[in-house]
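Residue numbers (my numbering), protein chains in the order written: chain A, 1 to 137; chain B, 1 to 565.
Since the hints were made in silico from the structure, they are not lab data.
Heads up, the beta-carbon is just placed ideally off N, CA and C, and yes, glycines get one too.
Straight line, CA to CA, 20 Å or less: simulated EDC-like cross-link-like pairs of lysine to aspartate or glutamate:
no.: 1; chain 1: A; residue 1: 110; chain 2: B; residue 2: 123
no.: 2; chain 1: A; residue 1: 86; chain 2: B; residue 2: 552
no.: 3; chain 1: A; residue 1: 59; chain 2: B; residue 2: 428
no.: 4; chain 1: A; residue 1: 55; chain 2: B; residue 2: 429
no.: 5; chain 1: A; residue 1: 132; chain 2: A; residue 2: 81
no.: 6; chain 1: A; residue 1: 101; chain 2: A; residue 2: 111
no.: 7; chain 1: B; residue 1: 57; chain 2: B; residue 2: 522
no.: 8; chain 1: A; residue 1: 101; chain 2: B; residue 2: 552
no.: 9; chain 1: A; residue 1: 59; chain 2: B; residue 2: 423
no.: 10; chain 1: B; residue 1: 417; chain 2: B; residue 2: 544
no.: 11; chain 1: B; residue 1: 555; chain 2: A; residue 2: 80
no.: 12; chain 1: B; residue 1: 324; chain 2: B; residue 2: 401
no.: 13; chain 1: B; residue 1: 461; chain 2: B; residue 2: 350
no.: 14; chain 1: A; residue 1: 134; chain 2: A; residue 2: 89
no.: 15; chain 1: A; residue 1: 110; chain 2: B; residue 2: 175
no.: 16; chain 1: B; residue 1: 551; chain 2: A; residue 2: 80
no.: 17; chain 1: A; residue 1: 55; chain 2: A; residue 2: 44
no.: 18; chain 1: A; residue 1: 55; chain 2: B; residue 2: 423
no.: 19; chain 1: B; residue 1: 324; chain 2: B; residue 2: 460
no.: 20; chain 1: A; residue 1: 101; chain 2: B; residue 2: 123
no.: 21; chain 1: B; residue 1: 324; chain 2: B; residue 2: 253
Non-contacting residues of chain B with respect to chain A, defined by C-beta distances greater than 10 Å in every case (computed):
no.: 22; residue: 211
no.: 23; residue: 295
no.: 24; residue: 360
Per the computed footprint, the stretches of chain B lying under chain A, defined by three or more beta-carbons under 8 Å from a beta-carbon of chain A, are:
no.: 25; segment: 127-136
no.: 26; segment: 526-540
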Amino acid sequence: MKMILNNLKIFYLFIIIFLFYSLAQAGIEDKNTISIKTIENPLELDEETIKAGKKLWRKTGCYSCHGGNAEGGVGPNLQDDIWVYKPSDAMLFKTIAKGRKGTNMVGWEKELNSDEIWKIIIFIRSLYTGDKSKIIW
Amino acid sequence: MYKIIIKLFILSILIIFNLNIANAQNAVTDEMLLSAQEDPNNWLMAPGNYTGNRFSKLGQINTANVSGLVPKWIFSLGTLDAQNTTPVIHNGVMYVTASHGRTYALNAANGQEIWRYFHQLPEGVAGKMCCDIGNRGVALYGDKVYVATPDSHVVALNKSDGSVAWDVTIANWEDAITMTVAPLVVKGKVIVGMSGAEYPTRLWIDALDSETGEQVWRRYTIPGPGEPGHETWGSARAAMYGGSSAWITGSYDPELDILYWGVGNPNPDWDGTVRPGDNLYSNSTLALDPDTGAIKFYFQYTPADVWDYDGNNEPILVDYGDEKVWLHGDRNGYLYKIDRTNGAFKYGKEISKVNWNTGFTYDGRPIWNMDKVPTYDYEAKDICPASEGGKWWNPMTVNPETGWVFVPSREICVDIKSAPLGEGLNPDEITVGKPYWGIGTIGWNTGYGQLVAFDGRTGEKMWVVKDRSPFTSGLLSTRGGLLFAGTPEGEFRAYHQETGEELWSFQTGSGIFGSPSTYTIDGEQFVAVPSGFGGWTGWAIFGEGGAPWLKDSRKGGIIIGFGLP
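With the rest of the complex left out, here is chain B (with noise of 0.2 Å):
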């Protein structure tokens, strides 16, 4: 008998000791988050690592080869509307949201289901947002995985089975603040931000406890009352309801210890007459102290917006020697480049045709074209780039071994009239949940679709491939040489990175919304790309039509796991 206890005493130990191995082994540390880049193996973050530069070092499929990839697997996300999700990978297992939030683990090898999570919706929560109801995938940390939902919610699932271990409440979704963001993790910190920024909202990114949820830091993207830049909104309540979204993951430089995250446009979006000023911190890239949330520094794009350049696009980090940069591509038809140690304009070079300024101040400021500048009296004709751009929500990737960037872009331009409240399209008067433009008419003139190539240290546009539709995919680079793009027409497609030749390309069945990444299991390398139409795609049919052939296209919701032969 004493035998048998001793013997069931070592027994359970070993079964603790072995499970505490298997839960270290299937755990995402912060040592593999820092080092990312150099893990191709994996996909650990929506951006694929804190540079947020969406490269990756395998070769495995590369422009020799890739004339024959062909989908291994294919899962459908159940729903429709906009997928716009990345799929995130680690140890083999796929973490991919759907749109309206539903969050699956899959066999990354095979596309085969291994969890759910339906996190239950509010019903009416579709018509609090402006611009689908789409989500873009999630963070991993520790033995958890966590997704924003629309309805405002953050929830850590159990990585082993997706069972529910916090659920915490940002905002009230009634209001219109909203989430669509993939999370960011840094320090053991859950970094989210909202969306709203079409409606009268003052908004936010918060830093949660990855183990309890519990909020950290909150830091307003409008300054308050008392606050340095509150002024620049001209009122209180302009401030107070100036929208300034932020649902693009930002990226994390660890030497810096700097979180460098975008903020959207101001509300409303196409009436500067009701806010006087420039607007802080909309349309930014925030430079912000990851422990408390506090802004060490911040660059703006477009002061004073009134053709809703929401420049909440992403930052890329990279380093040209000694130069430490990052890189943005933003709706305003400009690729930038900004010190990221201390936020000073470097360049501002045009993705697409640029009227709406003639230049910039010597700090990056631009000029404005009054021709082109929308007032309650004046259509401005033929404003160029239109309010998706240049370069839209869609992320750009950048190759750091050589240097250059390549940006998913358009070019189309918009006619624009604003309009005071009881006018044009605007209601009679502010309410909170309802949606608030501040236009009179507005109408996207027809264009096309390109793709970019620049050297990213200087800024010379290296190739321009031009296509019938905008890109609306976001960008991988690998390698092998190779930067995959995606259509709303559903072509997904491999490009020749030096030269932008078209080496492959493979019909989704549905426009291509979200964004591809890579990976391996046993050796082999994967690329993987969500399918399904969706988001606010008014830009292709108001008025003439931005790309008009777009209407009524077919929705879908599908992840495509594609490898060779």
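Okay, chain A solo, but in the shape it has when bound (with noise of 0.2 Å):
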């Protein structure tokens, strides 16, 4: 009897965990958020994902804050090698979806799918006047 208790409670837990996952999966699948389950680009850097990555800065008004090439102005710079964080795929993929507690940067992911996130991070990529040996995407 105990031992069918023993396994009837870890039946239990095993069900417990798969609803609470699969609520978490729920919420992450809600239209309105993108989960960040990709850590590296899956597009190329290529001429046409440039162009269509400058196409949705424009579209997105990225130029506003970041200027028409990444210059930077109300935001920073995204050209050179100067970064809080380390500018890897997963963190711009961030930061463009999810925004950037504490300063003016703002989530982006009720406008954008993961696709057109990728391609303005093409896009800025391309911009790149930094070191070369720092780059780490």
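Join these two chains into a complex; the hints should help.
Put into structure tokens, the structure is as follows:
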């Protein structure tokens, strides 16, 4: 009897864990939020993607703060190798999607899907003028 | 028992009476606002007084002793980003805003916090503001403090404890109609103007009842269909999306009973092709009836603007004998003198190098230099001044006792090519809430900063002081013969008004983009200044960069109270 009860406890524990996991996944997949599963940009740095990223840069109004070619302005310069956090793909994706607390950078995940964010990151990468040895993407 | 009841009754009457006296002593009345220039112990509104001259009759700190000026206290504003405020002071209490519209009351003698109001902002509002999330200060009236917030609320706070008396929503911030203005109270009405001309918007000036927040009148800065001036936009669509912001605090003449308020650039900023005409009332000062908002007359500085000469800078009211004028330093590079009884042009004098026009018609209309007009096919090179002037938004000061005007300025020029939708920096289509600048390419050319003094009567230039960077603070002049000015590199300086000689300087740690004010506590004069780099500073680094050394400037957020040892 005791063994059955223990097995039931384990069974219920699994059920609870499964429910929590399902709820968490449902939250992540909400239409207004983007999960940050991919840590590397799935897109290639090619002319077509750069062009698409530039178009999104204009459409979203990124230039208003960062400049037409990411020279900086209200927001920081994104061309150079001076970054507060290491500019990995994952960091850039998270910053664009979720915003950066304590700064004017707001999250754009309500306007941009994952593919569009990756395209903008490709556009930013194409503008890089910093030390090539510091490239980590 | 009967006696106790009588004693309690008398006591309660006395308490109520005393409270009323205390409230009355702490109240800011119309009479006080009207005579603010004569009360140098306080600084009752962001521009100092209704003329907007930012001049103080205090002279305890003067040319002879300013070299000894020291910081007496420092207050952290708790935020970074543009600190654009002017500290306002009444009865020893300083009311000051930080970026994000946060509002504080401080002991003006030692900087200790008395209360705070943190307006809770919606997530995303900073993404709808072109030029940082600054705030230019508060207004005082009665027992209340008024602040406009980035999400387009106007909030009345109880002066004693910062609790909210009322909170009204003026616009939908998601349409990129936002607020950074310091309100002005005139005849019991709280006057505010909107920001957002870098987006497809149609903006306005509002008057709100100071007791309730209820709208008394609204003056759109672009005439609607059927109204005179609507035709100056070429199409209804252009007019409805023509921006024309109003985020600089205006001035008020009680004798003429006229409210003067500036209007900014048309949208899109750099493309005039889509809005053929003069684009009224962009780049104008409006003379308004403060009771109704009706336009009595106006003066337009830059009709059909294609340079983003955002003309909403302050009009300062000055009397030269019987001559009643306003002085206005425009981004288009000119210092204007305008008859404030009828809007007639008196003069336009170069603050900085100007080449976008070749002169004026008799009535002050600029005559274009076509070599400096950018189009879709033509990049106009080295247009002077660049879009920030001349004189940027930071307020100048006038000493009404000498008639001299002091202008924070710069010598920076720009290359511009405009572009239609889908080209250059422009989106493929106009979307409400998204920036639209009409720009193809733009690049600022490296220049320098300057302070310029004029005799306002004639427009004669009296002296020029050059500096590496543009002067980005508002200015303060005093009876002590001093002129206070700040730089984006953090230097807060005092100059001799007569000669421009630098007499004192203090490094505040971050760029100065707000304005100083002065007051006394128990007979001791203080000068307070905000420090905190920010605002739309693309001019410093786009292209060659107007001042490329300002790239990645350190942000900050403090108020410093200076006094004599």
